[in-house]
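Student: Chain residues, written in single-letter form:
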Amino acid sequence: MVPFDELHVSDDVLALLALGEQAGTDAERAHVVDCTLCSDEVTALADVVGLARGGDALVAPAPQVWDRVADELGLTRADRADDADVVVPLGRRRRSWGWIAGAAAAGLVIGGAGVGWALTRDDRGTSVVASATLEALPGWDATGSAKVETQRDGTRVLVVDVDEAHLEDGFREVWLLTPDVKGLVSVGTLDGTSGRFALPAGLDLERYSVVDVSQEPFDGNPAHSGDSIVRGALRI
Amino acid sequence: MSPSGPERSRTEARPSTAPGDPDGEGVDELGALFAAGDEEAIREAYRRWSPLVHTIALRSLGTVSDAEEVTQLVFVDAWRSRSRFDPTRSRLPAWLIGITRHAVADAHERRARDRRLAAAAEPRAEVAPAGDDRIVDRVVVADELSRLDDPQRTILRLAFYEDLTHDQIATRLDLPLGTVKSHVRRSLARLRTRWEVDGAVR
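Protein chains in written order, with my numbering: chain A, 1 to 236; chain B, 1 to 202.
For reference, chain A alone in the conformation it holds in the complex (with noise of 0.2 Å):
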């Protein structure tokens, strides 16, 4: 039925709604019931609400499922040497920030309602809210584990170990990165295989919530080196 001054409600009221919230007017709502295109427009955002409702995060395969897939094409050898992108980044040279974009596709869990957190105290008073197992990037040997402790004044620390020594020149560095890694904050450097890292009071860990660690030249350029040795993602 056509109202009578064929006006609608707006399209930010029919979101709200579509959400389940209360949104516009009586005489808003009232429109709505009565109005098939207004309360279409709010069932088809609905189906899309109830849809992500219901998801979870995606979850990357495994590297090893795209070293078969090339195996099985015989994609050229050039192609797969190049394909450091996703899986194999050797040599120390300065990449684009690009491939570790590409890497987050190479084992990562990416996206999802954000981390789980749980508290385990400990006889120091400290409380361990997040752990991450730390796993070798392609051409690294490294492993490595990382936690996150909330101290008794309530300031948190990320707790770093990396279990090979520093053995190249440069220096390692620590960072916190978003799971779809296009967000980073360096947390500081890592000298020897263990640090302690005091976070900012305003860093959301549910939004960095992958721990990193980065082999990094003397080159006077804080960006990140795009050489990660160890990486994993902060849960439970």
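FYI, nobody ran anything at the bench for these hints, they're computed from the structure. Backbone N, C-alpha and C fix where the C-beta goes; we use that ideal spot for every residue, glycine too. Among the clues, some could well be false.
[Stated by the list, open to error] Rough simulated footprint, nothing fancy, chain B against chain A, three-plus residues with beta-carbon under 8 Å:
| # | segment |
| --- | --- |
| 1 | 40-48 |
| 2 | 52-59 |
| 3 | 63-69 |
Dock chain B against chain A, hints included.
Tutor: Frame of chain A, contents of chain B only:
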């Protein structure tokens, strides 16, 4: 109140190769390169959409080994049959999802057959359902949600998973109410468009 026609929301996030395209930038060019047999194109396609394919398979089949097998099969099959992919008529992700649906259905068929063989003495077992179609839809929407920039993604997550109202979100993120409302509207439209482009294709 504003006048709106039946084309509302579709006019907003129309599929195109513009930045913010629901399938990522340059998806049409990538499709053309793929069809032309450029090996760079399958690498890029794998990079962009293997999590999507793998997650659909994982949610449908329940085991990582089956999901990996399906993922491998889908990309191998897609590349080998690329001459049948027409980039002017469909988009690469939608095509890959179509192949994934078939591969998943085949895997369910195989399982049902194995079960029948294992229980040959039993009366004929029913064929297992070929998975829930909503799985694909949910994974496509989740994928698009993960591709949103911030603050849009955070806004929608707060609305979806924490059930915050738009004014609570505005307070939480210290954003103007109108900004939150328009982000909600545009982002929902974008999820819907992506779902219509890639998910609703059967």
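Student: Now tell me if each hint is right for this structure.
Tutor: Each hint tested on the structure:
1. 40-48: holds (count 4)
2. 52-59: holds (count 8)
3. 63-69: holds (count 4)
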